[in-house]
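The listed protein sequences derive, respectively, from chains A and B.
Numbered by the working numbering, the letters in the first sequence go through residues 1 to 174 in order.
Numbered by the working numbering, the letters in the second sequence go through residues 1 to 287 in order.
A portion of the hints provided could be inaccurate.
Said to hold, decoys possible - Each computed EDC-like pair below joins lysine to aspartate or glutamate, with the alpha-carbon atoms no more than 20 Å apart:
| # | chain 1 | residue 1 | chain 2 | residue 2 |
| --- | --- | --- | --- | --- |
| 1 | A | K170 | B | D94 |
| 2 | B | K182 | B | E49 |
| 3 | A | K63 | B | D198 |
| 4 | B | K247 | B | D199 |
| 5 | B | K261 | B | E243 |
| 6 | B | K159 | B | D196 |
| 7 | B | K147 | B | E50 |
| 8 | A | K63 | B | D199 |
| 9 | A | K124 | B | E243 |
| 10 | A | K63 | B | E50 |
| 11 | A | K124 | B | E277 |
| 12 | B | K261 | A | E163 |
| 13 | B | K261 | A | E36 |
| 14 | A | K155 | B | E49 |
| 15 | B | K147 | B | D196 |
| 16 | B | K247 | B | D198 |
| 17 | B | K182 | A | E125 |
| 18 | A | K141 | B | D199 |
| 19 | A | K79 | B | D198 |
| 20 | A | K160 | B | E74 |
| 21 | A | K79 | B | E51 |
| 22 | A | K38 | B | E277 |
| 23 | A | K139 | B | D72 |
| 24 | A | K28 | B | D94 |
| 25 | A | K38 | B | D267 |
| 26 | A | K141 | B | E243 |
| 27 | A | K147 | B | D94 |
Said to hold, decoys possible - Sample of chain B residues with no beta-carbon within 12 Å of chain A, all distances over it, derived:
| # | residue |
| --- | --- |
| 28 | V45 |
| 29 | P46 |
| 30 | E50 |
| 31 | D94 |
| 32 | E105 |
| 33 | S155 |
| 34 | E178 |
| 35 | R179 |
| 36 | S185 |
| 37 | S260 |
| 38 | K261 |
Because the hints were derived from the structure by calculation, they are not lab data.
For glycine and all other residues, C-beta sits at the position ideal for the given N, C-alpha and C.
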Amino acid sequence: MKRQHRHFLFLCALATLSLNVSAQNADKATVARSAELKAQPFSDAATLKTLAENQKLDVLSRKASWMEVRAQDMTGWVKMLSLRFDARAESVSNSDNSAKSFLSLVKTGSSGSTTTTGAKGWSKESFANLSPNPDRFEKMKQLSSNKSDADAFAKQENLKEQEQAYLNAKGGAQ
Amino acid sequence: MKTSGRISLILAGLLCTTHLAAEPQFKLDLGKAFQTLKSAKSAIVPLTEEEEIALGQGVASNLMSLAPLLADQEVQTYVNRVGRWISLHSERPDLPWTFAVLDHEDINAFAAPGGYIVLTKGMLLKLRSEAELAGVLAHEIAHIVRKHHLNAIQSSNAKIAAKEGLSLVMDAKGKTDERLLKAISAGTEMYGRGLDKDDEFESDRVGVVLAARSGYDPFGLPAALQTLQGITSDSSGFQLMLETHPKPSDRLNQLDRIMSKDFERFDSLPDVRNRFERITSRLRSAK
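Isolated chain A (complex conformation) (with noise of 0.2 Å):
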């Protein structure tokens, strides 16, 4: 009994500090419109909750169509496209990225770094009187895969071909 309760501590532990890193890691997300939380990411999984539009959540992962969120105390799954990001500042999904990114930025700023990958944005303006550079371009064409390579490619992770076909703007077959 006694073991079990240490044991049910641990866990609780543990659940804290998983819910502290994944609060961290965390991108925040609105309902957009009301849709139902499931235990599991399929459709016919039990629904643990409507939730209400505009209702605020964190998203932990993805699975497919499916986003794993928290919703105030409950954990579960809901439909990725009936949620809206909002937009942050320095806003990235993976926040871990999003941390360094915006670190290297800084020191960037700061070491007086003047390679082209700083943190000036392209314009309309950096495409007028572009000249060519055939040298770049010459690297790029020996970057080509041909068929068979990308076919091994493709094979190593187990990819399998659908049928789909186009879709027009409703959603029916083009």
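Keeping the supplied structure of chain A fixed, place chain B upon it in accordance with the hints.
Just chain B now, with coordinates in the frame of chain A:
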């Protein structure tokens, strides 16, 4: 009927001559002719595949001057394999499909006619799985398969040519052809302005289908779009992408509409996260 017949004749005249007819009557009709030009696709002579590739090579070579190639060979090869695999599931599997990652923090990707696709390191670093990369590349591949840039370049070129009284016929065969150079230069500038929004929506629709056909979790493209949706518009490196594309929320709404029907049957397709993370890890840790 009669009027449109005359306009066609005028267009045909424009097509066939390199000199602007001096008659006043022609000048009067020029404005009308321009308006008609947009819808008169038949007035634009289709290029052969060879010509399309020559044009695309010129545009790609220009785009190469935006930034150096990312020096990570493994990443470059990887992106080429993903892209080549997807291209095999399109109607144009035999184009010289070639992909390059530019060493630049901007978040963007460009498709040049003939099969040349450029992606930025900034974009790559926003993605979380091979399926997301596949979704983005499939969107670009769709632009080329549906000839979006090619048609836009040709139609804007036709307008310029008509304005300048040059031949509308763009002959890309001679690589030193001045008209080809003009077309390439005008074509490259177009990447700063963006395509028609409908072309972007179409590429999203084609993109998710190509990703699914290739065996990837097709929700990679919407996942990438949701990531972009979460970036503020004033974030550096994201402005051009926002200016040249429909809003991520509008693109997501369309994908919601078309994928909610039966794309759930693809829910078991892999997102190939591990391979993506392994190959891009150096890039991420270097940041």
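Verification of the supplied hints:
A distance of roughly 30 Å separates the Cα atoms of K170 of chain A and D94 of chain B; the hinted pair therefore is violated under the 20 Å criterion. Of the supplied pair hints, the one linking K182 of chain B and E49 of chain B holds, its CA atoms being roughly 19 Å apart against a limit of 20 Å. Taking the CA atoms of K63 of chain A and D198 of chain B, the gap is near 29 Å; set against the 20 Å cutoff, the hint is violated. Distance check on the hinted pair: K247 of chain B and D199 of chain B sit about 14 Å apart at the alpha-carbon level, within 20 Å; holds.
For the proposed pair K261 of chain B and E243 of chain B, the alpha carbon gap of about 30 Å is over 20 Å, so the pair is violated. For a cut-off of 20 Å, the pair hint linking K159 of chain B to D196 of chain B stands: about 16 Å separates their Cα positions. Pair hint K147 of chain B plus E50 of chain B holds up; C-alpha atoms about 14 Å apart against a cutoff of 20 Å. Between K63 of chain A and D199 of chain B the alpha-carbon distance is near 29 Å, which puts this suggested pair outside the 20 Å criterion.
Restraint check for K124 of chain A and E243 of chain B: the C-alpha separation of about 9 Å stays at or below 20 Å, so the hint holds. A distance of roughly 42 Å separates the Cα atoms of K63 of chain A and E50 of chain B; the hinted pair therefore is violated under the 20 Å criterion. Under the criterion of a C-alpha separation no larger than 20 Å, the hint pairing K124 of chain A with E277 of chain B is inconsistent with the structure, at around 33 Å. A C-alpha spacing of about 15 Å is found between K261 of chain B and E163 of chain A, which places the hinted pair at or below 20 Å, so the restraint holds.
Straight-line distance between C-alpha atoms of K261 of chain B and E36 of chain A comes to about 17 Å, which keeps the hinted pair within the 20 Å bound. At roughly 30 Å between alpha-carbon atoms, K155 of chain A and E49 of chain B are farther apart than 20 Å, so this suggested pair is violated. With a C-alpha separation of about 12 Å, the suggested pairing of K147 of chain B with D196 of chain B holds against the 20 Å cut-off. Restraint check for K247 of chain B and D198 of chain B: satisfied, since their Cα atoms lie roughly 12 Å apart, inside the 20 Å limit.
As the CA atoms of K182 of chain B and E125 of chain A are separated by approximately 17 Å, the hinted pair is consistent with the 20 Å bound. For the hint linking K141 of chain A to D199 of chain B, the alpha-carbon distance of about 26 Å lies beyond 20 Å, and the restraint is violated. Note on K79 of chain A and D198 of chain B: the hinted pairing is violated, with a Cα-Cα distance of about 26 Å set against a maximum of 20 Å. For the suggested pair K160 of chain A and E74 of chain B, the alpha carbons sit about 24 Å apart, so the restraint of at most 20 Å is broken.
Using a Cα cut-off of 20 Å, the hinted pair K79 of chain A and E51 of chain B is violated, with the two alpha carbons roughly 45 Å apart. Restraint check: the Cα-Cα separation between K38 of chain A and E277 of chain B comes to about 28 Å, which exceeds 20 Å; the hinted pair is violated. A distance of roughly 13 Å separates the Cα atoms of K139 of chain A and D72 of chain B; the hinted pair therefore holds under the 20 Å criterion. A distance of roughly 43 Å separates the Cα atoms of K28 of chain A and D94 of chain B; the hinted pair therefore is violated under the 20 Å criterion.
Between K38 of chain A and D267 of chain B the CA atoms are separated by roughly 15 Å; this keeps the pair inside 20 Å, and the hint holds. Restraint check for K141 of chain A and E243 of chain B: the C-alpha separation of about 29 Å exceeds 20 Å, so the hint is violated. For the given pair, K147 of chain A sits about 9 Å from D94 of chain B by alpha-carbon distance, which is consistent with the 20 Å threshold. Against chain A, the non-interface label of V45 of chain B holds: every CB pair exceeds 12 Å, the least being about 25 Å.
For P46 of chain B, the condition that its CB be more than 12 Å from all CB atoms of chain A holds, with the nearest at approximately 21 Å. Separation of E50 of chain B from chain A is adequate, the least Cβ-Cβ distance of about 16 Å exceeding the 12 Å criterion. For D94 of chain B, the non-interface assignment is contradicted: its Cβ lies about 9 Å from the closest Cβ of chain A, within the 12 Å cut-off. Non-interface call for E105 of chain B relative to chain A: violated, since the shortest CB-CB distance, roughly 5 Å, does not exceed 12 Å.
Even its closest Cβ contact with chain A, about 18 Å, leaves S155 of chain B beyond 12 Å, as expected for a residue assigned away from the interface. Non-interface call for E178 of chain B relative to chain A: holds, since the shortest CB-CB distance, roughly 15 Å, exceeds 12 Å. The Cβ of R179 of chain B lies farther than 12 Å from every Cβ of chain A, with a closest approach of about 16 Å, so its non-interface assignment holds. S185 of chain B, annotated as away from the interface, has a beta carbon of chain A within 12 Å; the closest lies near 8 Å.
With a cut of 12 Å on Cβ distances, S260 of chain B falls inside the contact zone with chain A, its closest approach being about 7 Å. With a cut of 12 Å on Cβ distances, K261 of chain B falls inside the contact zone with chain A, its closest approach being about 5 Å.
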